[in-house]
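Undergrad: Protein chains in written order, with the working numbering: chain A, 1 to 451; chain B, 1 to 441.
Among the hints, a few may not be true.
[Said to hold, decoys possible] For lysine-lysine, the following DSS-like pairs were computed, each having C-alpha atoms within a straight-line distance of at most 25 Å:
1. B/Lys-415 / B/Lys-377
2. A/Lys-317 / B/Lys-81
3. B/Lys-355 / B/Lys-403
4. A/Lys-78 / B/Lys-297
5. B/Lys-415 / B/Lys-297
6. A/Lys-142 / B/Lys-302
7. A/Lys-121 / A/Lys-27
8. A/Lys-121 / A/Lys-232
9. B/Lys-195 / B/Lys-81
10. B/Lys-302 / A/Lys-135
11. A/Lys-135 / B/Lys-297
12. B/Lys-297 / A/Lys-142
13. A/Lys-121 / B/Lys-355
14. B/Lys-302 / A/Lys-78
15. B/Lys-81 / A/Lys-377
These are computed hints drawn from the structure, not numbers from a lab.
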Amino acid sequence: MTKPSLFLAVCATSISFAATAATHEFKLENGLKVIVQEDHRAPVAVFQVWYRVGASYEQDGATGLSHALEHMMFKRTKTLATGEFSRLIAAHGGRENAFTTLDYTTYFQQWSADNLEYSFKLEADRMRNLELDAKEFENERKVILEERRMRTDDNPQALAGEATAAAIWQTSPYRQPVIGWAADITNLQLPDLRAWYERWYAPANATVVIVGDVDPATMRQLAERYFGPLPKLEVKPPAPRPEVPQRGEKRLQFRDEKVRVPSLSIAFKAPAMTQVGRAGPDGTKVEEWEIYALEVLAAVLDGGSSARFSRHLLRGKQLAASASASYSALSRLEDLFSLDGTPREGVSLAQLEAAMREEILEIQRQPPTAEELARVKTQVRAQTIYQQDSLFYQAMTIGALDAVGLPWQLKDRYDAAIAAVTPAQVQAAAKKYLVSERSTVAWLSSAGAAP
Amino acid sequence: MMRRLVGLLLLLVLTPASLAMAPIQRWQTANGAWVYFVPAPEVPMLDVRVVFAAGSARDGDNPGLATLTAAMLDEGTESLKADDFHAAMEATGANFGAGSGLEMASLSLRTLSEAASRDAAYALLEAVLRQPRFSAEPFARQRSLLLSGLQSEQESPGAIADHAYMRALYGQHPFGSPGAGTLASVQAISLPMVKAFYGRYFVATNARLIFVGDASRAEIERLAEQLSQAVPAGAPAPPLPVVHPQPASAQHIAFDSAQTHVLLGELGTARGDPDHFALILGNHVLGGNGVVSVLFKEVREKRGLSYSVNSHFEPLGLRGPFTASLQTRGEQQAEAVALLRREIALFVDNGPDPKALEEARQNLLGDFPLRLDGNGKILDNLTMMAFYGLPLDYLDTWRDNIKAVTLAEVRAALKRHLHPEAMTLVTVGREPPKAGTPAHP
Chain A
1 MTKPSLFLAV
11 CATSISFAAT
21 AATHEFKLEN
31 GLKVIVQEDH
41 RAPVAVFQVW
51 YRVGASYEQD
61 GATGLSHALE
71 HMMFKRTKTL
81 ATGEFSRLIA
91 AHGGRENAFT
101 TLDYTTYFQQ
111 WSADNLEYSF
121 KLEADRMRNL
131 ELDAKEFENE
141 RKVILEERRM
151 RTDDNPQALA
161 GEATAAAIWQ
171 TSPYRQPVIG
181 WAADITNLQL
191 PDLRAWYERW
201 YAPANATVVI
211 VGDVDPATMR
221 QLAERYFGPL
231 PKLEVKPPAP
241 RPEVPQRGEK
251 RLQFRDEKVR
261 VPSLSIAFKA
271 PAMTQVGRAG
281 PDGTKVEEWE
291 IYALEVLAAV
301 LDGGSSARFS
311 RHLLRGKQLA
321 ASASASYSAL
331 SRLEDLFSLD
341 GTPREGVSLA
351 QLEAAMREEI
361 LEIQRQPPTA
371 EELARVKTQV
381 RAQTIYQQDS
391 LFYQAMTIGA
401 LDAVGLPWQL
411 KDRYDAAIAA
421 VTPAQVQAAA
431 KKYLVSERST
441 VAWLSSAGAA
451 P
Chain B
1 MMRRLVGLLL
11 LLVLTPASLA
21 MAPIQRWQTA
31 NGAWVYFVPA
41 PEVPMLDVRV
51 VFAAGSARDG
61 DNPGLATLTA
71 AMLDEGTESL
81 KADDFHAAME
91 ATGANFGAGS
101 GLEMASLSLR
111 TLSEAASRDA
121 AYALLEAVLR
131 QPRFSAEPFA
141 RQRSLLLSGL
151 QSEQESPGAI
161 ADHAYMRALY
171 GQHPFGSPGA
181 GTLASVQAIS
191 LPMVKAFYGR
201 YFVATNARLI
211 FVGDASRAEI
221 ERLAEQLSQA
231 VPAGAPAPPL
241 PVVHPQPASA
251 QHIAFDSAQT
261 HVLLGELGTA
271 RGDPDHFALI
281 LGNHVLGGNG
291 VVSVLFKEVR
301 EKRGLSYSVN
311 SHFEPLGLRG
321 PFTASLQTRG
331 EQQAEAVALL
341 RREIALFVDN
351 GPDPKALEEA
361 RQNLLGDFPL
371 RLDGNGKILD
381 NLTMMAFYGL
391 PLDYLDTWRD
401 NIKAVTLAEV
411 RAALKRHLHP
421 EAMTLVTVGR
431 EPPKAGTPAH
441 P
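This is chain A alone, in the form it adopts within the complex (with noise of 0.2 Å):
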């Protein structure tokens, strides 16, 4: 019942937004926030409700708690009895899912427009309302600890992954995997999962978004009716777990007899969105424009066929199989700029390494071409208008800038930010936060393989 995945997977540009007709936002009294997008092209709607809550408020040894809640929301509420939420969601051609991830979590339907009362109906219940059962729990626990099989234990990147990031985070929550260590799983109890429901599932603690064809008007008299009766509660922000600076590059060598072909990635920390103006490496600030100069970099890098990493390491210098960059912008926490590589056969990992680094290096001594940068924008700017085919695409981008506490007006922004960057900014980008000291370089490959 959950996809902890990153979900903005548009090239290598993690954000990328729909400039799009009137979006309305409005508060009610007991805090609950609600953001409505009119889309009037098919009769249809989606509703989605977003917790401020996921993996990164979690404690060690509590890991997974968010995730574990996520699936006992469908289950049975004062009201309603196990089942019948997804059954009437069922009947009326809905469809319904949830996911978690390590800054939010979120629930969502997507069905015909005239049934959204029905999710204001049956969101402002779960919001409030649940009867965590025990017995249901111990079952479901048993899932979830099959879901983590699935996932994770069975998938040795996945495996790899996870001991990465509790490698690269040393204080910071993204240490913790979404869906949480399997002892913890194990360990999890009721009053734990209760404590956490009542803690952060409160109507202040909440975003609702809905696109589609609707009018505002008409979704503020059901939000007043459904979820204006929930109490005013307060929500206290968890307490920050900063990472502390980073001394010197961290490697890793994982040895998995699964793996067939080997792979590498080399992380870099770098500040999200929302640590503009806070400290950045030595004694400087966070400025705006090195977010988008990073999303410009890391579509340089790998936005599409044409660019670098197509062009010199699956073709010209022929040695990757894949070869990837990522930067999360959009992040409650400093997050990372991420290359992943898999090496062609024949082709060493170090050799591989080698050649990743050269391209940082390399934008490091010289900026990018205007005509790259004029690609990356055309792509950009392009990506806006296809993404107005998706009406979930458009409720995913508002809410989860909002969900990490950023305006969701930064959408309507984007183009214009990546539009105004220069290819000195990237490469000054490149250099402040592309360094070794702040990197983990972790090689994947089989078990008795030469790396």
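With chain A's structure known, arrange chain B on it following the hints.
TA: Frame of chain A, contents of chain B only:
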């Protein structure tokens, strides 16, 4: 209060929302390619998909040939190397891709509809079709990438199970062959084989051109004509060999994974089967309707045996598979398989619960607008209709067809097509097979 309300709501018959999609237009180009077009002016973009009956089912003695041929279409044209081709394409803001599956190979282009960008991107698509870059260096690279992908598949118990299952269902029929080939078969593919495959199957009479987006009929007529002229008229792909059902089998493949992957099923139906709608509805109750289906409730909700469990019919040009699948911790594999067998058998014997059937029907009817709520989804539906030659009113009548199916028809169709006592089982995982389950060495 809420509980009473729910009961009430389930009795209501949904008034299906009207379709926002414009009518489908269809015509044929001068050299015989069928064109499908749905105008959608709301977003200034255009989707183009060119589909050929050139999937891995056409591999013949060279498994992997269709996959490798489609991959070569990412390598530019005779006059534009991949670097230059992609630079020119991406400078227009377009997304371009080529790929293949079991039955189809396709090229896809998503471009801005503004004329300069669109025409520049489109000219590149046309150039690839006219003269793809079939030369030694890109060929060696693409073959190496494919081999690397095949190696990766060997890390995945799910992929291993899928291949074994298709082989068990189809035997030596082309559908039983692994789509991307084997390490040995891909090694044996040569560039002349790719050229010959391209020459045979990437022809106008074997093509469907599908357009969705912001353009006029006159513009699409011109674009379609231009594109179909890039390839010879040729001849349609011949019919594939008839599928002969294989005897039911049970096979365990040892793999060091925490979970065992379980696939259980048999041959299902082809596109156009008269039981199509009855089976959609019946399977929706059994395992096709997410968290409210029978298998989900029995396997996951009641017993916590698997995170994901479902069943589906996959109608193809020929009989496609019916498959029920789950993944479970090795030690409880026998329990999970027995349960899966029992639930399917009970379901076929007794038929769906009438109330559950009506709820599944309401779900399908209500969900229908979500299958068409964007150009990308309309494109997928048109592709399916065009490739299988479904009637143009397939989407318009879809809901009426679902409404018309009776409980008796669903029961009869399930009994006709599902044979729980003679299903094929593939398991991949750590535990050895239990007594009574024949093992293959």
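Undergrad: Taking the hints in turn, state whether each one holds.
TA: We went through each hint and held it up to the structure:
Restraint check for B/Lys-415 and B/Lys-377: not satisfied, since their Cα atoms lie roughly 33 Å apart, outside the 25 Å limit. Under the criterion of a C-alpha separation no larger than 25 Å, the hint pairing A/Lys-317 with B/Lys-81 is consistent with the structure, at around 15 Å. Between B/Lys-355 and B/Lys-403 the CA atoms are separated by roughly 14 Å; this keeps the pair inside 25 Å, and the hint holds. Taken as a hint, the A/Lys-78 and B/Lys-297 pair is honoured in the structure, with Cα atoms around 21 Å apart against an allowance of 25 Å.
This hinted pair checks out: B/Lys-415 and B/Lys-297 have alpha carbons roughly 22 Å apart, not beyond 25 Å. For the hint linking A/Lys-142 to B/Lys-302, the alpha-carbon distance of about 11 Å falls within 25 Å, and the restraint holds. Restraint check for A/Lys-121 and A/Lys-27: satisfied, since their Cα atoms lie roughly 17 Å apart, inside the 25 Å limit. About 18 Å separates the Cα atoms of A/Lys-121 and A/Lys-232, which keeps this hinted pair within 25 Å; it holds.
For the proposed pair B/Lys-195 and B/Lys-81, the alpha carbon gap of about 17 Å is at most 25 Å, so the pair holds. About 10 Å separates the Cα atoms of B/Lys-302 and A/Lys-135, which keeps this hinted pair within 25 Å; it holds. Using a Cα cut-off of 25 Å, the hinted pair A/Lys-135 and B/Lys-297 holds, with the two alpha carbons roughly 15 Å apart. Between B/Lys-297 and A/Lys-142 the alpha-carbon distance is near 14 Å, which keeps this suggested pair within the 25 Å criterion.
Restraint check: the Cα-Cα separation between A/Lys-121 and B/Lys-355 comes to about 24 Å, which is no more than 25 Å; the hinted pair holds. Proximity of B/Lys-302 to A/Lys-78 is assessed by CA-CA distance (about 21 Å); at most 25 Å being required, the pair is judged to hold. Of the supplied pair hints, the one linking B/Lys-81 and A/Lys-377 holds, its CA atoms being roughly 23 Å apart against a limit of 25 Å.
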